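Number of protein chains: 2
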Amino acid sequence: MHEITKRILAGDVRGAARAITCIENDYPERSQILQEIFPYTGRAKLIGITGTPGAGKSSMVDCLIGFLRSQGLTVGVAAVDPTSPFTGGALLGDRVRMQNHALDTGVFIRSMGTRGSLGGLSRNTKDAVRVLDAYGCDVILIETVGVGQSELDVMNIADTTIVVLNPGGGDSVQAFKAGIMEIADLFVINKADLPGVDKLETEVEQMLDLVKHDAPWRPPISKTISTQNLGMADMWNEVLRHQAFLESSGEWQKKRAKQLQEEVLDIVNYQMFVRMQNFVQKGAFADELSGVAQRQLDPYSVAEKMVRTWFPQ
Amino acid sequence: MHEITKRILAGDVRGAARAITCIENDYPERSQILQEIFPYTGRAKLIGITGTPGAGKSSMVDCLIGFLRSQGLTVGVAAVDPTSPFTGGALLGDRVRMQNHALDTGVFIRSMGTRGSLGGLSRNTKDAVRVLDAYGCDVILIETVGVGQSELDVMNIADTTIVVLNPGGGDSVQAFKAGIMEIADLFVINKADLPGVDKLETEVEQMLDLVKHDAPWRPPISKTISTQNLGMADMWNEVLRHQAFLESSGEWQKKRAKQLQEEVLDIVNYQMFVRMQNFVQKGAFADELSGVAQRQLDPYSVAEKMVRTWFPQ
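Respectively, the protein sequence lines represent chains A and B.
Here the first sequence is numbered in numbering that gives the first Met the number 0, starting from 0 and rising by one per residue.
Here the second sequence is numbered in numbering that gives the first Met the number 0, starting from 0 and rising by one per residue.
Bound-form chain A, shown alone (with noise of 0.2 Å):
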């Protein structure tokens, strides 16, 4: 068993920290402890967070955070930042969560970035949480902002997914309605306190009709003041309510099971693309690439010399 493996199942925070970094930077032991820690994840609550930027998602974590603590569970927050593959990902509030828990041994706050490409963050993301699951946490939360496809991406590692909604945001609902409300379990109206929360409510009632008027889950709407530290307990049960309902449910069984399938693909795609690039980086194909990058050959038909060279089958 690798040494930081060791260290996570140990509960050093350092060890997980550390296992993390592996994780983004692609380093050799990276597989061998991800393959170690696997037998102890699927344990915590893995809850997805998201909402457009200025909706108050930050505050929103931290005082849930505050929460769980409360409640005696220890808690991990992967805070996912798609949108600033140049800055690494710093989350904006980000420092000063870090800051409100850094004394708190039961709350693991970590920044993941966008680095590499191909499906390259959500790999990442769901790495970083099983190494959070196999170091203790309780709950762990995948905060992200905005809702493109990467972010979709990202939530689909989450159990439960909570979109965070600003009472003035005006037409946040409208302009990402279709994405939103297809991967929302649970609306938190946060900043309850501002005046629209009712004409909010009903808007997002309205599309839910519209949306989920047949599905057997439908996404309840709370509503809290996280300035106030107001409606998390009532949050909570929600998001309680919701897993109780997946648990009941053998439809989510399948979908993990069929998840867990499709990462294996995606695992084993990520390789290959690796081994390409290390052979290309080598020189093979030389010559072909060239005349593509000089337009005197199209991409598409070298790209199928080399497919029948590498995987002839």
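Hints listed in this document are in silico derivations from the structure and should not be mistaken for laboratory results.
Worth double-checking, as some hints may not be accurate.
Because identical chains share one entry, a pair is satisfied inside a single copy or across any pair of copies.
[Claimed, not checked] Simulated pairs of lysine-lysine, DSS-like, Cα-Cα distance not exceeding 30 Å: (1) Lys281 <-> Lys304; (2) Lys198 <-> Lys281; (3) Lys257 <-> Lys211; (4) Lys257 <-> Lys281; (5) Lys304 <-> Lys257; (6) Lys253 <-> Lys44; (7) Lys281 <-> Lys254; (8) Lys44 <-> Lys211; (9) Lys198 <-> Lys222; (10) Lys253 <-> Lys304.
Bear in mind that the values here come from a model prediction, so they are computed numbers and not experimental data.
Following the hints, position chain B against chain A.
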């Protein structure tokens, strides 16, 4: 030569539409058509247009199309909406625009939705843009919503990227600054008749001072009022100035060559993934995958075994 290729090169609009359908659905003729049209591509100006929802992007594009037509240029539009993987990507305002230009054979508008994953959107968009290029469009506008990772991948196709800002947008610059600043070649403040224009302009300039202080190209800021059809000629001049800058810069040629080579590997990777999925559907590694689904095996070990079998080199 494929029948559809002939029709594209003959300027048959339905041939071009048919080719894009082949691309989006990954029909068998896709590859042949793309190989055949490749020598006829690389001529059109590729302009990316992005901005947060509500920035007036759609109406600005509508206006720009009118301006370009008045200059005797033919225009293709690939409207990409990665935020709507479930609806197939019907962009807000898209239908209206289509009606405005429905009778003009010099305008070709196509919505690109999210089908599949693994960079499918940017690959499909790139290929659709090639079709529009070979079909004879002088200018191709690639329009996206927001600036998530998918949008950045899509914008990478463009030579010049325009970021549309809204003086009433409040925190839009703040929220998206990291991504936006890196990809923008030109900022456009649309709705420039609204209050807040000077403030927004100052904010953008300040951010440019920070991010682009030593860059060879400093993105200019244009102002437009698309409801009054104002500012289009100035904006287009800035686009042309940027394209002249690109052509005089050797770096750009290198970047394009590198992108073409990366595209080859991207296609190879996708093709290998498709083959792999076919094998799995036919029962390859069924026991191992079933073990993963039941959490008796970990996905990482099974993936490694598959890679060793399929890609032993």
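Q. Is it within, between, both, or neither for lysine 253 and lysine 304, if the alpha carbons may be no more than 30 Å apart?
A. between (38 Å within a copy, 24 Å between copies)
**Q.** Status of lysine 211 relative to lysine 257 across identical chains (alpha carbons, at most 30 Å)
**A.** within (23 Å within a copy, 46 Å between copies)
Q. When no copy is specified for lysine 304 and lysine 257, does a C-alpha distance of 30 Å or less occur within a copy, between copies, both, or neither?
A. between (32 Å within a copy, 19 Å between copies)
Q.
Reference check for the pair lysine 198 and lysine 222, CA-CA at most 30 Å: within, between, both, or neither?
A. Classified as within; 13 Å inside a copy, 34 Å across copies.
Q | Same-copy or cross-copy closeness of lysine 253 to lysine 44 [CA-CA at most 30 Å] | A | Classified as within: same-chain Cα gap 18 Å, cross-chain 48 Å, threshold 30 Å.
Q.
When Cα atoms must be at most 30 Å apart, do lysine 281 and lysine 304 count as within-copy, between-copy, both, or neither?
A. both (18 Å within a copy, 24 Å between copies)
Q) Quick one: lysine 44 to lysine 211, C-alpha cut-off 30 Å, is that within a copy, between copies, both, or neither? A) within (24 Å within a copy, 43 Å between copies)
**Q.** Within, between, both or neither, where lysine 257 and lysine 281 count as close if Cα-Cα is 30 Å or less
**A.** Classified as between: cross-chain Cα gap 16 Å, same-chain 37 Å, threshold 30 Å.
Q.
Reference check for the pair lysine 281 and lysine 254, CA-CA at most 30 Å: within, between, both, or neither?
A. Between copies, since 20 Å is at most 30 Å while 41 Å is not.
Q.
Regarding lysine 198 and lysine 281, is the shortest C-alpha distance of 30 Å or less found within a copy, between copies, in both, or in neither?
A. Neither way: lysine 198 and lysine 281 sit 61 Å apart in one copy and 52 Å across, limit 30 Å.
Hint compliance for this structure: hint 2 is the single one not met.
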